[in-house]
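Chemist: Dock chain one against chain two, each of which comes alone in its own frame, and use the hints as you go.
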Amino acid sequence: MHIVVCVKQVPDTKIIKINPKTNTLDRRSAPAILNPYDAHAVQEAVKIKKVLGKGTISVLSMGPPQAVAVIKKSIEIGADRGLLISDRAFAGADTLATSYALSKALERISKDMPVDLVICGKHAIDGDTGQVGPGIARRLDIPPVTNVIEVSEVNESEKRILIKRKITNGYELIQAQIPCLLTVEKEINSIEYSPMPNMIKAARYEPVIWSVNDLEGVDRTQLGLKGSPTIVGKMFTPPKPEGGKRLEGNADEQIQQLMELLNDKKELLQPNSNK
Amino acid sequence: MSEKFDVIVVGAGPAGTSCAYTCAKNGLKVLQIERGEYPGSKNVMGGVLYRKQMEEIIPEFWKEAPLERPVIEQRFWMMDKESAVSFGYKGLEWGKEPYNNFTVLRAPFDQWFAKKGVEQGVLLINETVVLECLTENGKVVGVRTDRPDGDIYADVVVLADGVNSLLAKQLGYHKEFRPDEVALTVMEVINLSKDKINDRFNLEDNQGCTIEIFGDSTKGNLGTAFIYTNKDSINIGVGTTLSSMIKAKLKPYDLLDYLKTHPMVRPLIEGGESAEYLAHLIPEGGYHSVPKVAGNGVLLAGDAAQLVNAIHREGSNMAMASGTMAAETIIAAKERGDFSETSLNQYREKLYQSFIIKDLEKYKDAAHTFEQYPQYFKEYVPMLNRAANKFFTVDGTPKKDKQKEIMKSFTSERGTFRLLQDMYRAWKAVK
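Here the protein sequences line up with chains A and B, keeping their order.
Quick note, this note's numbering runs 208 ahead of the 1-based positions in the first sequence.
Quick note, this note's numbering runs 401 ahead of the 1-based positions in the second sequence.
Just chain B, same shape as in the assembly (with noise of 0.2 Å):
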């Protein structure tokens, strides 16, 4: 029989890498299997990455990581044909230490983070496929991978093969996907001068903004659009679940042609040279969709599990804090010598009791409520500028005048008894 671990950890995301890094820093005995060429070679993301859970794992990982720019400024766009509704909040204390998130590339983000474990022990393999988790008697005693000779054996398997698992598929744990309950994002990173962005998006060198946009930029489906600015790209996506890509008979790609060509984008984005096109499924069935997290000799971590929050656009601190929790089971089962599903089930019990279950908790229902009525995005959005516009154009009618008008045409094109459900709708989904 081949060598055996204490760990075989499958997926070197920020979950995967997460569990691999606590679990060798611990004194355990670590593979890390990464079907990529090198870790982050095939991972996506939007590109924020929250400081707290990193720096948990990294104390000031900023003085060494790869990172683009620390955010100092989130805009929110409500966006119709030819005007956005905007709010946003700029505070410059984010651009100093501790700060509040950063702007990263994965490839290079995710290869250090990677490199960080390796440091601490674990020994990572890439270009690698784990086909299946090995079972004897009902405990998951390994994995087989693509590779001749390629059975290896450990005490726990940890999941972290992203969103669509197929080893948890395998296991029992996942089913597949209903098209509401996952989203495809496609973005590109576009090249632009440091510069450029600067002036574009009002920033000094080491500072970063990022944009979120509603409405328009899904052609009022359930979904964003974003903007974020690097050192010097700019990474700009959007998204949608497929249930309403199927609906709305809408090409993933024709939506981000169409945003990027949006009047109120172009202006940022003009004279960029695309340098990457980047597609990714996004888990967002949230608090119902979170699968069977362990079993006997296995746990699922991150997408895998499919911990994110689409709502807040968290996901890869939601993927390091479940590595790290699956990494302090992992060490305690391993002190009890007790790798059963009872054992493991610890994992479960600090996933729901951590911020991580309770945030996909308090919006279990958000998207089911955003989708099944379309006139958030595709009602409320344009009226929401039809107001703002009305409002801030001054034609010499008096304000109050221009309030009651606002008020009126809100009622009489949605109805009172509709626009107050509408609203008590809402509130109930995000409470």
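Extracted from the complex, chain A is given alone in its bound form (with noise of 0.2 Å):
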């Protein structure tokens, strides 16, 4: 079975400030990091293989040069190789874009070594869109399956999966064919400590660079900026929430102060009252 997992470098956004002034990200102030999503992407592709005993892992990621750390990092957790797509001419895509030519660069995979599921993470922490997947799987002409939380069968021989999909309240068990392309949360599998082999393994791996030339059929008006018909009208950082009330004392006094609170404001507890 071949897998193949995209991945994207990210800002650590858990740390990154945003300039109040021109309310753009500070990239400086914060590490690239392999997209956490995306981590779990990577390792349940490994859970996968080790599960079937066999199988190839291939990592695939577009971004510019120092994009090669994700995919280390990506070896690192076990998978086999990797590639990225680096170009001027990717620069600056939106999703449409950016699913467009991952979605060429995996054709061009797939020639090589027939693919037989793809894994995304949800979705990028710093985009927080989550459109990237389900668009290459609609290129690829592939059933998305978004939102899984357990990858409960693989059944090579009759081409089928099983999976788990997280739903507002409950979960959702699905049999799709293969290929397909899966998206993941994070409660899918938690990231292994790599053993030593993988590290030593990630530490000398040179991944494969493949500028746009090495794609095949490919539609330049649809890369980069060029093909991205997203426009970000604005970004700021929402203000903090103001007002509020904080209960002192120990516990009993502050549950007879919130009873007291809730007494007085009934209306916070009957639906629709204010309707």
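Because the hints were derived from the structure by calculation, they are not lab data.
C-beta: ideal position from N, C-alpha, C; glycine also.
Misleading hints may appear alongside valid ones.
[Stated by the list, open to error] Straight-line C-alpha distance at most 30 Å; calculated DSS-like pairs for lysine-lysine: (1) A:Lys409 - B:Lys516; (2) B:Lys829 - B:Lys759; (3) B:Lys443 - A:Lys394; (4) A:Lys222 - B:Lys632; (5) A:Lys258 - B:Lys405; (6) A:Lys409 - B:Lys430.
[To be verified] Residues from chain A that keep clear of chain B, each with C-beta distances beyond 10 Å, as calculated: (7) Glu315; (8) Lys367; (9) Lys372; (10) Lys473.
[Claimed, not checked] Residues from chain B shown here face chain A by an in silico Cβ test under 8 Å; the list is partial: (11) Glu404; (12) Lys405; (13) Leu524; (14) Leu525; (15) Ile526; (16) Thr529; (17) Thr546; (18) Pro549; (19) Asp550; (20) Gly551; (21) Ile553.
Modeler: What follows is the structure, encoded as structure tokens:
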């Protein structure tokens, strides 16, 4: 089984700062990391390969040359090989242009070795759109299965896969044909502490880098900024919520105060009372 | 059995990276293991990098390394409650090539340096803790890491794992620290605009200043405080020996707060925003605390070998020099095919013939003297301030009478005999 995992290098949004004057991300303020959801995607591929006892895991990313770091990170987790598509022609791409470029790279990859499964993270933590995964599936004409929390069974010979999807109040059990594309939630697995041989392999690994010329049948007008209809109108830091009241004292006193407050505002507890 | 390397270097600070870099450059197969997320993420120093030893490893490094400012002025303050006697040197020639030293922030600098090693062929692995050295028949043959399948083998293991080298302790080379052998330094990086720094320290854009502060900066305890200028931030910190802290019941963060709000210091950092808070142990035992540095298949470098000259705040340069000497020893040992203690003891000879051990030997009793006789920091610094105040206050008294009065106050406060004794003792400690 050949699994391709799409990964993205993102600024660590846990610590990134937004310049309050220009409302742009201060990328210098945060290190670039492997998108956390994508790390889980790689881990899931490793898990599937382990269960099947065989297979190949390729990692694919698009980005500037320094994005090879996230491919190396994926090798640490257990991917077999990785490649980066990197070219000025891809720069400034939105989700539409990104999914186009990645699907072209996937077409090229599957020429050498047919792809059975594509796994992506649910979304990237910098843009939070979650559009690239389904976009790739649409372009490759394979079923997209989003918000996956468990891969229950992979049946290679019958070309089907059993999956749990997270929905608002529970989960959905789905059977899909392979090839298909999954986007995964964090709870699908926990990232294992990579064994030393993987670390050494990753430290040595030099990913293949493809330029736009290495892809076939590419319509350049669909790439990069040119192929991106999205316009970012404005970015801003949401204002800190103001007001509120802090209850002081020991637990009993706080409960007492809370009860009084709730008694005073009974209307809060009665649904639709203000309609 | 897993893969075997020529050298495993534990730690990616200045000592480890100097060693790994030099070994790889000479064609050895090197694995370097760092416990932090990236080199520099866990490394702390006040912030002065010396040009000389770095240049010997990477010529003209200042053209590409992430440095803050070349230091053109070094000031020393003998500080009292509301005054300071200061002296220093400012030389504009230090602001031109080849420079004298630089202020640096360790996180970017160590990352850059480690990357230079990787370019030479070092295999660098982060986020990995070395748990112990693997030994066979009394020879260190590799390391056990905390990762699955984590044993790796090499002809030589270099321990550059920092001041509190647990690995050297496991091998029995280190004993536990005595509280007077180690200082605890706490520091902050305070963001302040370039213009404000230039104004307050009388600098231009590419000029830096260092201030070392003695006396009230540590409330009279053995230790120093420092203020170093970066491009658009200031490193401010203070450290004393653990024994002084215990004796005076001082908390390190209280001491830093005291320093930051000291009337002589506050105006320099006013309006700045604290960006980072760091704390680190510094080996200050000097000559007497240097452990066994070479064993069967193993070498110690940098802080792990306690190579710090506390009097001259030199450490990173000694780390780099010792790392390079370790590498040279390993390269020679590889040619001989002999990694026994006898063969690797060449490293010890190199260290002891170099400035490193010679300097540590020169000051071998200094810290002990100043610790044992606290009058130097507690009494003489205030006395000096009172004397300067008296001498420079214009009040119609003839200067000659003032001199007499000052001498008299010295002898009456301490007694002539004790004064001479103190002077002799101090001279002996640093001669």
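Chemist: Against this structure, judge whether each hint is valid.
Modeler: Here's how the hints hold up against the structure:
Of the pairs offered as hints, the one joining Lys409 of chain A and Lys516 of chain B holds, with about 17 Å between alpha carbons and a cut-off of 30 Å not exceeded. Among the hinted pairs, Lys829 of chain B with Lys759 of chain B is consistent with the structure: their alpha-carbon atoms are about 16 Å apart, no more than 30 Å. Straight-line distance between C-alpha atoms of Lys443 of chain B and Lys394 of chain A comes to about 28 Å, which keeps the hinted pair within the 30 Å bound. Proposed proximity of Lys222 of chain A and Lys632 of chain B is supported: the alpha carbons are some 26 Å apart, at most 30 Å.
At most 30 Å may separate the alpha-carbon atoms for a hinted pair to count; Lys258 of chain A and Lys405 of chain B meet this at roughly 27 Å. Of the supplied pair hints, the one linking Lys409 of chain A and Lys430 of chain B holds, its CA atoms being roughly 14 Å apart against a limit of 30 Å. At roughly 34 Å, the least C-beta separation between Glu315 of chain A and chain B is larger than 10 Å, which holds for a residue marked as non-interface. Listed as a non-interface residue, Lys367 of chain A keeps its Cβ farther than 10 Å from every Cβ of chain B; the least gap is roughly 33 Å.
Here Lys372 of chain A stays apart from chain B, with its beta-carbon at least about 28 Å from theirs, past the 10 Å limit. Distance to chain B confirms Lys473 of chain A as a non-interface residue, since its nearest Cβ pair spans about 40 Å, more than 10 Å. Satisfaction of the interface hint for Glu404 of chain B is found here, the shortest Cβ-Cβ separation to chain A being roughly 7 Å, below the 8 Å cut-off. Hint on Lys405 of chain B is violated. Least Cβ distance to chain A is approximately 12 Å, over the 8 Å limit.
A cut of 8 Å between beta carbons decides the hint on Leu524 of chain B: the least distance to chain A is about 4 Å, and the hint holds. For Leu525 of chain B, the interface hint holds, since its Cβ comes within 8 Å of a Cβ in chain A; the closest pair sits about 6 Å apart. At a threshold of 8 Å, the smallest CB-CB gap from Ile526 of chain B to chain A is about 5 Å, leaving the interface hint in force. Interface restraint check for Thr529 of chain B: the shortest CB-CB distance to chain A comes to about 7 Å, inside 8 Å, so the restraint holds.
The beta carbon of Thr546 of chain B comes within 6 Å of a beta carbon in chain A, closer than 8 Å, and the hint placing it at the interface holds. The criterion of a C-beta within 8 Å of any C-beta in chain A is met by Pro549 of chain B, whose closest approach is roughly 4 Å, and the hint holds. Residue-level restraint check for Asp550 of chain B holds (minimum Cβ-Cβ distance to chain A is 4 Å; threshold 8 Å). Contact between Gly551 of chain B and chain A, as hinted, is supported at the beta carbon level, the nearest pair being about 5 Å apart and thus within 8 Å.
The beta carbon of Ile553 of chain B is positioned within 8 Å of a beta carbon in chain A (closest approach about 6 Å), and the interface hint is therefore held.
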